[in-house]
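K.L.:
Protein chains in written order, with our numbering: chain A, 1 to 332; chain B, 333 to 462; chain C, 463 to 1126; chain D, 1127 to 1270.
Some hints here could point you the wrong way.
Just so you have them, the derived chain D footprint on chain C, three or more residues with Cβ under 8 angstroms [said to hold, decoys possible]: (1) 576 to 590; (2) 707 to 713; (3) 763 to 776; (4) 812 to 819; (5) 823 to 837; (6) 1099 to 1108.
If you're looking for bench data, these hints aren't it; they were derived computationally from the structure.
All C-beta atoms in this analysis are idealised placements derived from N, C-alpha and C, irrespective of residue type, glycine included.
Next come the chains, spelled out residue by residue.
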Amino acid sequence: MQKITREVLIEKAASLLNEGVVSGVLGWKQGEFAYDVTPALFTTVDELNEQFVWGDFCGANFSKYLVAHTRKTQSKVLVFLKPCDTYSFNQLLTEHRFDREKVYAVGIPCEGMADVSKVKAIAGEGITAIESTEEGLAVTTLYNDAPVVIAYEDALAERCINCKSKKHVAYDELIGEEGDVLESGRFDQVAALEAMTPDERFAFWQKELSKCIRCNACRDVCPACTCEKCVFNNPVSGAETKAPMGTFEEKMFHIIRAFHVAGRCTDCGECSRVCPQDIPLHLLNRKFIKDINTHYGEYQAGAEVGSRAPLVNYTTNDVEPGDVFERGEENA
Amino acid sequence: MSQQNNNLKEELIRISGVNPKKCMRCGKCSATCPAYEEMEYHPHEFVVMVENGNIEPLLNTESLYRCLTCFACVERCPRGVEPAKLVEAVRLVATRRQGANHMKADDVPAKLDEDLPQQAIVSAFRKYTK
Amino acid sequence: MQRIGVFVCWCGSNIAGTVDVQAVSDALKNEPGVVFSTNYQYMCSQAGQNMIKDAIKEYRLTGIVVCSCSPRMHEATFRKTAQAAGLNPYMVEIANIREQCSWVHKDIPTGTEKAIILGKAAVAKVNLNAPLTPGESPVTKRALVIGGGIAGIQTALDIADAGFPVDIVETKPTIGGKMAQLDKTFPTLDCAACILTPKMVDVAQNDKIRIFSYSEVQEVKGFVGNFDVKIKKKARYVNEDICTGCGACTEKCPQKNVPNEFNLGMDNRRAIYIPFAQAVPKVATIDPNACNMLKNGKCGVCAKVCAAGAIDYKQQDQIIEEKYGAIVVATGFNPISMEKFDEFAYSQSKDVITSLEFERLTNAAGPTAGKLLRPSDLEHPHTIVFVQCVGSRCAACAEKGKEYCSKICCMYTAKHAMLVRDKYPDTEVYVFYIDVRTPGKNFDEFYRRAVEEYGVHYIKGMVGKVTPEGKKLKVQGSDLIMDEQVHIDADLVVLAAAIEPDKSARPLATMLTASMDTNDFFTEAHPKLRPVESPTAGVFLSGACQGPKDIPETVSQAGAAASKVIGLLAKDKLTGNPCIASPNELMCNGCSSCERVCPYGAITYVDKEFRMPDRTTAIRRVAQVNPAVCQGCGACTVACPSGAMDLRGFASAQIIAEVDAICK
Amino acid sequence: MQVNEKKPLIVAFCCNWCSYAGADLAGNNRLAYPADVKIIRVPCSCRVNPMFILRAFQRGADGVIICGCHPGDCHYTSGNYFTRRRMAMLFSMLDYLGIEKERTRVEWVSAAEGAKFAATMNDFAEKVAALGENKRLEDLRCKK
């Protein structure tokens, strides 16, 4: 359950709109279902009061929307940023992807977001309403008479269980209390995979990646994937494939996508959140982050604006490509 | 060059691990050898003669037993040829072939002379008895 | 669609011996875009080239593939051929079916199959080739010479002679280098100073030449024709413009016990010093490690005696920034350290010296005023032993010696031996040698004179050890001709120490991105055909920085390097390599990834207005490549996440086409 | 070895300045290596996009090797340092996905190392041949 309330955020947004500081607000709007919250642009206080929501399903990271939005307008936009969103915000600034002057960033605390797949797994399908209560999420479905109450920790998304930071690394204004960078176990699953035999790993990834329907949601939501034109949409890249193509996803798309964001990925976990097939895509990105930390020193993309990403950097005594496996073998 | 000598040459090269072709004929091994005056064939000659397959004379020379195995030649050789190892290999071949050239402890006192270094006696005794 | 011609070369039997050339040209005939395919004995011959030209015209070819030797061999040839026939030279691709096919595979079916695949890959690439035109960049008409020894001096004089300004950077307080330390020079025995110092004066008086002595190169940026160099002029605490070089300060300075590096530490100098009488520039320098005034503010004698008022204890290091069109490396050599050669007792006895020390000992301006006296007791030596190849040709002692032949020792040792016998006929001179190497005009005659006329004893063999005993040095060596061990009681032993590149060469090579061999000698662009050029464009090599050399050879190489520099500086514009990176602005994110990996700083960003897919306009930051600066490595193309950056001539689509052709 | 066994297909990306020249030198010295090795010339090893490598595997290559100048000797100063990082990351990822790590390699071969080039290719081809066909990264639809 989130500590700050919807009303506090609306109040802040409304006052900034009224004062003319911003001309719009990037926030969350209720979608078709209770768990289906969508990003939206609010331009009036009335819209805010009617449609703005804040709760345990407001996972969407708005940083990426700033790229397109700041191009369209000359005035400022207010954006609410959870701690993990601020890393993406900084990373995009490092890459000169939007105009900082056109953004009023309000940092808000986050207690972790719920994973709808976990909720459905416990409460079942046909969800009609979800309410955040003291005890947990009270889920009403078509098939149950009384709401099913799910404890927050049971519904928490994987990325929030292994939250890397409750600290905001960028904002103009902060609402609520500032947190700290956390020690998380976010690389445990990567290590577990590394400890498997190659055959086991291959089987694991075949099973996961073969589910891909190439909806491109992971790419479209990713705050690092803000290319004007994606290589996979580009006929001259030599690798254009827009539609699902059998084994292509397993053997090219996800590897290249992970490689393209390597060193730039802030580990916000949006890719896995939006994947309709529940593929643990973050495990690809985290592998790169873990390798970078191991071989080139600890690096958190977006921790500071202007930092040099590890893959556009080098030292003269870097590890040789043939030697990166050694650690894997030690684990095996 | 006879076939047998070639076989012997290969054997010596195998035992010693020395590549006599690396020798550039500078003679520093012989220049540095403390037993030079005692030897009929000198370290550099061992190297050249092995390379030429001219090995019989080496097997029969007393020089084999004058080498102190002090390794000065190995230390100083600019090309890393390691002549002492070659001498040692010839010695081994001679020993294996003859089998009868072993020294008896009783023979030692007769061979002593006061110029002979202590190291030579001990090393000779260690090598040529049993 | 391209109209491609394929030309398969037999290279006599070099290719045709292992590759069925007819089968290759037949197979490639059916590839997409190919309208003509043939084979011929020697494509690079005039007849072969004419065949290509005729085919281009007859079949209106838009691209050609030559299946022949390595593109490193004849790509340029065939590009010129294509150009002569009116085809853009970058529409030519080479399939390397000699070095990478016929020469490494043995049977004809294998060779033929691979040659066809390589040909197909080249055809697939040409299908995507586009005509390219090279860009141009201006040339800064000024040269930098790094090192002020005879190599640097000669190069600078020759460049200045052609009318171009030259700067010499020398780390020591004076130019002159090693040659200034020598006594006589072989094979004519004229005195080094007599032939060098006039050249030094020429340098000083030439208004095209600036000398930055006591200075070093700190940073090199840019590229051929446009180098930006930072030179650090170290504080010498003497105003160079005012100092008259009168030397009053060097006589009055109370700090008398500083080892004199010009005499290799065999005598002492003051804390303020002029290295030698004919130094250029002839100005004093204060050694900050020895000067009491600089160390603890107590003294100031030199300032008091300087009539010109040139002493400036507050002088600071100065950074000079200058642009150059060409850079000549002339960093020279040093004898290697003898400390590790225990057998020669160099560290144990003052009377075991190196040949360079011997030069100072016989030099009239040296520590003994030219009298041959041994360092330990200043007595005249009656028996001198010279040992050659000390540390040279030393394959087994990488930690102390060098594997190569130092080249100059045979000759200078003959010179030394001859000079001793000439001046002091009562002195016996022995030279221990492994081989006497005397290729060079009048060199062998010179060596023979040492033996025949001067009675120098040459002994074929090496010295095993030198043992100091009383006033004598017991030398034990072998005489391989006599097959005996020789023992000589010598008074002086002179070691012909191997020479090695100056220690400053390695960091300099890194700054220049010029390549070096494992011995830290600079690599030439081609060992035979481009011996004075570094593979890095605009960087030239002069003297012993490229390999051991004597003075005549150094001077001729210095002149050659100068002529290459003059050839470069005479151009107003340089034609660049058209195979450079170019961004597709519509796809560029402006993310700076490419900028960060570019080693040349060729990428900058501009804000541009674009019409977006949703019909709005937006101002976006996009990358731009400076075509004169880009060298075409392609690092940016992989750093670019959107694939907006591509490399002309090696475009992603072209490489992928090659991959696909090979993996069919 | 079976008669009809598919021969391994190896794609070698060689930088123009060192490794391609090293390959030429191997040719000059007639140092044999398997014809399975097909060389693609790139200006610098840093021109090699991971996409090219995956494409080769997708189209049926059994091994991909990238050869560049020795670190520190890059004709373009720093290109091979970027190659080293990129390929270290890519190879580690392929290993993580369960792809046999012997199928990919980076080797530094100078223009003077013709013998090393041939030896490297012989060794790599042998290792790749021992693994058999690349099934894990191949796209079956690309097969004829």
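K.L.:
Need the list of violated hint numbers for this structure, in ascending order.
P.N.:
2, 3, 4, 5
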